[in-house]
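Number of protein chains: 2
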Amino acid sequence: MSAKPDGYRSTPRAAVIGLGSMGLGIATSLRRGGFTVMGCDTNATTMERFAATGGQGTATPAMAVAGASVVVSVVVNAAQTEAILFGHGGCTEAMVDGAVFISCATMAPEAARRIGAAVEAKHRLYLDAPISGGAQRAAEGKLTVLASGRTEAFIAARPALDAMAAKVYELGDAVGAGAAFKMINQLLAGVHIAAAAEAIAFAARQGLDIRRVYEVITASAGNSWMFENRVPHVLEGDYSPKSAVEIFTKDLGIVLDMARSEKFPVPIAGAALQMFLMTAAAGMGRDDDISVARLYAQITGTNLPEKS
Amino acid sequence: MSAKPDGYRSTPRAAVIGLGSMGLGIATSLRRGGFTVMGCDTNATTMERFAATGGQGTATPAMAVAGASVVVSVVVNAAQTEAILFGHGGCTEAMVDGAVFISCATMAPEAARRIGAAVEAKHRLYLDAPISGGAQRAAEGKLTVLASGRTEAFIAARPALDAMAAKVYELGDAVGAGAAFKMINQLLAGVHIAAAAEAIAFAARQGLDIRRVYEVITASAGNSWMFENRVPHVLEGDYSPKSAVEIFTKDLGIVLDMARSEKFPVPIAGAALQMFLMTAAAGMGRDDDISVARLYAQITGTNLPEKS
Numbered sequence: 014m015s016a017k018p019d020g021y022r023s024t025p026r027a028a029v030i031g032l033g034s035m036g037l038g039i040a041t042s043l044r045r046g047g048f049t050v051m052g053c054d055t056n057a058t059t060m061e062r063f064a065a066t067g068g069q070g071t072a073t074p075a076m077a078v079a080g081a082s083v084v085v086s087v088v089v090n091a092a093q094t095e096a097i098l099f100g101h102g103g104c105t106e107a108m109v110d111g112a113v114f115i116s117c118a119t120m121a122p123e124a125a126r127r128i129g130a131a132v133e134a135k136h137r138l139y140l141d142a143p144i145s146g147g148a149q150r151a152a153e154g155k156l157t158v159l160a161s162g163r164t165e166a167f168i169a170a171r172p173a174l175d176a177m178a179a180k181v182y183e184l185g186d187a188v189g190a191g192a193a194f195k196m197i198n199q200l201l202a203g204v205h206i207a208a209a210a211e212a213i214a215f216a217a218r219q220g221l222d223i224r225r226v227y228e229v230i231t232a233s234a235g236n237s238w239m240f241e242n243r244v245p246h247v248l249e250g251d252y253s254p255k256s257a258v259e260i261f262t263k264d265l266g267i268v269l270d271m272a273r274s275e276k277f278p279v280p281i282a283g284a285a286l287q288m289f290l291m292t293a294a295a296g297m298g299r300d301d302d303i304s305v306a307r308l309y310a311q312i313t314g315t316n317l318p319e320k321s
Numbered sequence: 014m015s016a017k018p019d020g021y022r023s024t025p026r027a028a029v030i031g032l033g034s035m036g037l038g039i040a041t042s043l044r045r046g047g048f049t050v051m052g053c054d055t056n057a058t059t060m061e062r063f064a065a066t067g068g069q070g071t072a073t074p075a076m077a078v079a080g081a082s083v084v085v086s087v088v089v090n091a092a093q094t095e096a097i098l099f100g101h102g103g104c105t106e107a108m109v110d111g112a113v114f115i116s117c118a119t120m121a122p123e124a125a126r127r128i129g130a131a132v133e134a135k136h137r138l139y140l141d142a143p144i145s146g147g148a149q150r151a152a153e154g155k156l157t158v159l160a161s162g163r164t165e166a167f168i169a170a171r172p173a174l175d176a177m178a179a180k181v182y183e184l185g186d187a188v189g190a191g192a193a194f195k196m197i198n199q200l201l202a203g204v205h206i207a208a209a210a211e212a213i214a215f216a217a218r219q220g221l222d223i224r225r226v227y228e229v230i231t232a233s234a235g236n237s238w239m240f241e242n243r244v245p246h247v248l249e250g251d252y253s254p255k256s257a258v259e260i261f262t263k264d265l266g267i268v269l270d271m272a273r274s275e276k277f278p279v280p281i282a283g284a285a286l287q288m289f290l291m292t293a294a295a296g297m298g299r300d301d302d303i304s305v306a307r308l309y310a311q312i313t314g315t316n317l318p319e320k321s
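Taken in sequence, the protein lines are chains A and B. So the first sequence is numbered by our numbering: it starts at 14 and just counts up by one. So the second sequence is numbered by our numbering: it starts at 14 and just counts up by one.
Careful, some of the hints might be misleading.
What the hints assert, rightly or not - Below, in silico cross-link-like pairs of lysine-lysine (DSS-like), each with a Cα-Cα straight-line distance of 30 Å or less:
(1) A:K320 / B:K276
(2) A:K155 / A:K263
(3) B:K155 / B:K276
(4) A:K255 / A:K180
(5) B:K320 / A:K276
(6) B:K320 / B:K255
Unchecked claim - Partial selection, computed: residues in chain B whose CB lies under 7 Å from chain A:
(7) V89
(8) E211
(9) A212
Stated by the list, open to error - Calculated from the model, a selection of chain B residues having no Cβ within reach of chain A, i.e. all distances over 12 Å:
(10) G46
(11) A57
(12) A79
(13) A91
(14) E95
(15) G111
(16) R127
(17) P172
(18) D222
(19) R299
(20) E319
It should be emphasised that the hints constitute simulated quantities derived from the structure, not laboratory data. Where a beta carbon is used, it is the ideal one built from N, C-alpha and C, also for glycine.
All chains, full assembly: derive it from the sequences and hints.
Given below as structure tokens:
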């Protein structure tokens, strides 16, 4: 059995819609995984950055998905997801038979179910697949994906998931489960960032050596993944956005909306959301999410380290 | 140089005041470390349990500290600490010259400073030394100690600390620093327990498989030490107290009092305290602290696992 000559078999094609830091990283990982990748974003600067990495851009989502077996949507929310699917230049009709739409935006489970049903009504496959891990892991193909959807959708998505992710949680065949797991994670992540901000600013106010506080807490029962990951930004005085305050005004907003619609009280998440809103209101919405610590410091006249 | 015969050199003596699960474990560890240990507790049942482990009990703190180079106080709060030092049968006057009082109770830094100063005014050494780690690690001599105090106090306490603890953080010579670090830890620990309760009950309400939620979250950015440690109690339906709700109504109460007196807002800790108070008010104050999840479940008509 002789091998076929190079180029004899066509490479698989993927489309990435939304080329922010996460989408750009995913596009890079998909190329590394052997895909020819077309990309699309409404922002011209973002498109230029994509082109600079060797990416092929298109003017509309519909143009990007031509011939693609996989469409990865890496936009911000449900509204943007619906726009790229069903809006002007939207891609649903343009997707080829058997192609799968992998929806990575964080959204309410109800929104995921609504969008998934609309896509399936057009005889396209849909995978509810929120991601976590940040820009660097996106570029390395080491994201975590919280995925749910039909078996056929998983099968069609598999080569792309393998290229994008270090870990894919398969959370059942019901679209909405991936979204629900992601929202539980965001509830906890948001509360833990706000709590880390409150604690480290309160420690500074008491005159404690906050580097020592970091050392003690990260070895103690008060630790969280977010405390360990975010407090170093406070210690360095570096609030350039690794992940912005506005991500959590959005995501905790979704948590609060979900909870209210189910008559489920979430007072801890509610308090955390108010702190993110206060931080955004004070002009730090696009800064790093641990800027909540700066808000506590500003309000109380507490000194935190400044960037050297 | 020949070794002295056995018994020629007298063994060091220690007193442990407060023989609850933590004090009992510390007494055991001190004996293992070569101390002769006298113990004292106001509760008769607790004293019997101490005697059953081979402990020598006394009627008052003053009697327990006779001849002891180290006095370890393992009571609940500042008021009890003051009572065993200065109340009827209190031990300050009875302590031998050069003995150190190791104060393990969680309390406000201001209370630690007040008590430390009063002890030092009587020419006794004082170590501000809150502990963490739970009953099992107390019995194994593997506690974490957050300690501050004069160099002489550290020197006198060293043999006992070595027997009690796997890790001693030396947080400076100012009494109150140990207490302040402990309160920062308790702020975070309390918020994280309440957040874990809110998140896991909300997940159950949405019909998610909460064992799967535990698996996903503990591998994700939403994780905390407390989520990982406490949520298994919910999965097992086991609310027998490893650490009780009332510990956090107390400790977050101290955090809120400290913060208010310094005009420092702590809305996240405040929301968490209310949830612990609500859980205690509903009759679960002496149950495991993750009972906050049961409160959410009861209020919202959500099913959580029951103990098999």
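- Report the numbers of all earlier hints that the structure fails to satisfy, in ascending order. 3, 7 and 18
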